[in-house]
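Chemist: Go ahead and model the full structure; you've got the sequences and the hints to work with.
Residues per chain are reported as follows:
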Amino acid sequence: MINLEFIINTLSLGSLYAMLALGLVIVYGILRLVNFAYGELVMVGGYTMYLATFYTPLPWLGVAVLAVLAAMLTSLFTELVAFRPVREKSLTAMLITSFAVSTLLQNGALLIISPRARAVTLPQIFQTSVMIAGTSVPWRNILIILTCILTLTVLTLLLRRTVLGIALRAAADNFTMTRMLGVPANTVISTAFAISGIMAGIVSIFWIGRSASVTPTIGAAPLLVAFVATVIGGMRSLTGAVVGGFVYAIIISLLGVILPPGLVEFREAFMFAIVIIILVFRPEGLIRSKSSEERVG
Amino acid sequence: MLELNDVHARYGAIIALRGVSIYISKGELVALLGVNGAGKSTTLGCIAGVLRPWQGGITFEGASILGKSPEQIARLGISLVPEGRDIFPSLNVEENLRLGAFTRSEKSEYRRNLGEVYDLFPVLKERLQQPGGTLSGGEQQQLAIARALMSSPRLLMLDEPSLGLAPALVDQIFELIARLHQRGVTILLVEQNVDRSLEIVDRAYLMNTGLIESHGSAQQLRAHTDIEGIYMGMQGQTKK
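Here the protein sequences line up with chains H and V, keeping their order. In this text, residue positions in the first sequence follow our numbering: the first is 1, and each later residue adds one. In this text, residue positions in the second sequence follow our numbering: the first is 298, and each later residue adds one.
If you are wondering where the hints come from, they were derived from the structure by calculation, not from laboratory data. The C-beta atom is built at its ideal place from N, Cα and C for all residues, glycine as well. Any given hint could turn out to be false.
[Said to hold, decoys possible] Okay, derived cross-link-like pairs now, SDA-like style, lysine to any residue, Cα gap no bigger than 20 Å in a straight line:
#1 V:Lys365 - H:Ala185
#2 H:Lys89 - V:Ser366
#3 V:Lys365 - H:Arg84
#4 V:Lys323 - V:Arg476
#5 H:Lys89 - V:Gly309
#6 V:Lys323 - V:Arg480
#7 H:Lys89 - V:Val347
#8 H:Lys89 - H:Phe99
#9 V:Lys422 - V:Glu406
#10 V:Lys323 - V:Ala475
#11 V:Lys365 - H:Pro184
#12 V:Lys404 - H:Leu164
#13 V:Lys404 - H:Val163
#14 H:Lys89 - V:Arg349
#15 H:Lys89 - H:Val34
[Unchecked claim] Chain H stretches covered by chain V per the calculated footprint, using a threshold of three residues with CB under 8 Å from any CB of chain V:
#16 162-173
#17 178-188
[Claimed, not checked] Derived Cβ-Cβ restraints for the label pairs, each shown as a range:
#18 H:Val65 - V:Leu425: 35 to 41 Å
#19 V:Ala310 - H:Thr103: 35 to 41 Å
#20 H:Leu4 - V:Leu425: 42 to 48 Å
#21 H:Pro59 - V:Ala360: 53 to 59 Å
#22 V:Lys404 - H:Ile125: 42 to 48 Å
#23 H:Thr103 - V:Glu413: 51 to 57 Å
#24 H:Ile149 - V:Leu425: 27 to 33 Å
#25 V:Gly354 - H:Thr162: 34 to 40 Å
#26 V:Lys404 - H:Met271: 49 to 55 Å
Modeler: Here it is, written out as structure tokens:
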């Protein structure tokens, strides 16, 4: 049923998916690379929370900051050691590298920690709810929405007000031209990977917050969500990523309500059928990037 | 200031330059003329660091710039306005200009350059918040040149700045190039519009199939070269 609880839950899911999609698209926009190791950054965030809560006396907020930092540093590290050396070669080389990085990180977690799920201790607020207009709403969902608003605001300010942010947007339009203005390619790409890592780190806090556990393969689901959301919204546009994330969440939530109980377990299949229909009519996604538009004048 | 010595370049198996040697002195306005596919844009690409020659040398102010990245070359003061303008369509006019000044760290210089650019292109001042992609062709060309000027270039390279513009705008662009030259900007101009180019340049090189065919002042080229012959069949571009 569509009520306040449904709306807040969908908004919260959309916020999470929008942040996920943004992290994937910010790298794609510049390098045209779908980073298949992106999901593993969520995993790194998850394991950092597990290790930090288990082995350090840090308060939960400190643990969360540490998770974001770990995902960001892993993202930067993978760019430096894996993607940078093959960047000039070909897009295929980078794509295969991203699969390799994904496998390496997963196996690293398998070997160093465990193939079995590890419980992550969550703060009390993740298990409590608040009454809004007579409806019980989990605090976790409100936190996701507030975090998304804050993250999008900071990201928008960064991209619009700072020279580096403007250079990032320019690089997504035309990377070679951006370099010809003196903007170092490495700086732009590293910044994009850092933002991507920060997004994955923030998402990991809430993604792990749902299951309260982390496994080496936990990254597969967020990667798929991010990829589908960006395809719906438009791979070349940051606004598209946000729109795609929310559209994905709205469709999947509505399917949960509309479908008869026997079919709800197949809602992913219905979801992808709808995505295919969207793409038939909007092959570039819902939001077209300005750089792909032609103008005569 | 800039010297290319026996530069060879190719795109895969296609040979684009077969030993190009040119030079430009400080304050000069030099044109590279020739038909489509002559290798003019490739030459600019080699200078800008976008394409790496497989033979030959390029020096700027006495030092080799061969093998340097596009951003390193931009930092030396070489600025390219590419064919097709390549302004950033999703950035507004102000952001395009701001990025043009990426290599300049001093705020006073930024403000001075911005003032000069507004003087040269008053229309841009009226469109500061408009996305670059929504400007008309002529305005985009002005923005592309303005963006290059924001970096206080020591060498400005213009690739077909009059391409695709209405005749009145072509006049404006050539007047502007002449004005920039009078201000002391060193300019390497690539053009198909031979007549208009020869009116304003100090010297010109005539390129054909990856080679320099002839070289000299406008008068020398007009007197000794069959420019019309080279441009035969290029309607509207030939000498009348």
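Chemist: Take the hints in turn and mark each one as holding or not.
Modeler: We went through each hint and held it up to the structure:
1. Among the hinted pairs, V:Lys365 with H:Ala185 is consistent with the structure: their alpha-carbon atoms are about 13 Å apart, no more than 20 Å.
2. A distance of roughly 16 Å separates the Cα atoms of H:Lys89 and V:Ser366; the hinted pair therefore holds under the 20 Å criterion.
3. Between the alpha carbons of V:Lys365 and H:Arg84 the distance comes to roughly 17 Å, so the proposed pair stays at or under 20 Å and holds.
4. For the suggested pair V:Lys323 and V:Arg476, the alpha carbons sit about 16 Å apart, so the restraint of at most 20 Å is met.
5. Distance hint between H:Lys89 and V:Gly309 is fulfilled; the C-alpha atoms sit about 14 Å from each other, no more than 20 Å.
6. Note on V:Lys323 and V:Arg480: the hinted pairing holds, with a Cα-Cα distance of about 12 Å set against a maximum of 20 Å.
7. Note on H:Lys89 and V:Val347: the hinted pairing holds, with a Cα-Cα distance of about 15 Å set against a maximum of 20 Å.
8. A distance of roughly 16 Å separates the Cα atoms of H:Lys89 and H:Phe99; the hinted pair therefore holds under the 20 Å criterion.
9. Annotation: proposed proximity of V:Lys422 to V:Glu406 holds, straight-line Cα distance about 18 Å (limit 20 Å).
10. Taking the CA atoms of V:Lys323 and V:Ala475, the gap is about 15 Å. The hint holds against a cut of 20 Å.
11. Proposed proximity of V:Lys365 and H:Pro184 is supported: the alpha carbons are some 12 Å apart, at most 20 Å.
12. Pair hint V:Lys404 plus H:Leu164 holds up; C-alpha atoms about 16 Å apart against a cutoff of 20 Å.
13. Of the pairs offered as hints, the one joining V:Lys404 and H:Val163 holds, with about 13 Å between alpha carbons and a cut-off of 20 Å not exceeded.
14. The hinted pair formed by H:Lys89 and V:Arg349 meets the criterion: a straight-line CA distance of about 15 Å does not exceed 20 Å.
15. Only pairs whose Cα atoms come within 20 Å are accepted, and H:Lys89 paired with H:Val34 is accepted, the gap being roughly 16 Å.
16. Under a criterion of three residues with beta carbons nearer than 8 Å to beta carbons of chain V, the stated coverage of the region 162-173 of chain H is upheld, 7 such residues being counted.
17. Interface restraint, the region 178-188 of chain H with chain V: holds (8 residues with C-beta to C-beta distance below 8 Å; minimum three).
18. Our hint of 35 to 41 Å for H:Val65 and V:Leu425 holds, since their Cβ atoms are close to 39 Å apart.
19. Range check, V:Ala310 to H:Thr103: Cβ separation about 36 Å, and the 35 to 41 Å hint holds.
20. At roughly 43 Å, the beta carbons of H:Leu4 and V:Leu425 sit within the given window of 42 to 48 Å.
21. Evaluation of the 53 to 59 Å hint for H:Pro59 and V:Ala360 yields a pass: the beta carbon distance comes to about 56 Å.
22. As the Cβ distance of V:Lys404 to H:Ile125 is approximately 45 Å, the hint placing it in 42 to 48 Å holds.
23. In this structure the hint that H:Thr103 and V:Glu413 lie 51 to 57 Å apart at CB holds, the actual value being about 55 Å.
24. The given range of 27 to 33 Å is respected by H:Ile149 and V:Leu425, whose C-beta atoms sit roughly 28 Å from each other.
25. Our hint of 34 to 40 Å for V:Gly354 and H:Thr162 holds, since their Cβ atoms are close to 39 Å apart.
26. As the Cβ distance of V:Lys404 to H:Met271 is approximately 51 Å, the hint placing it in 49 to 55 Å holds.
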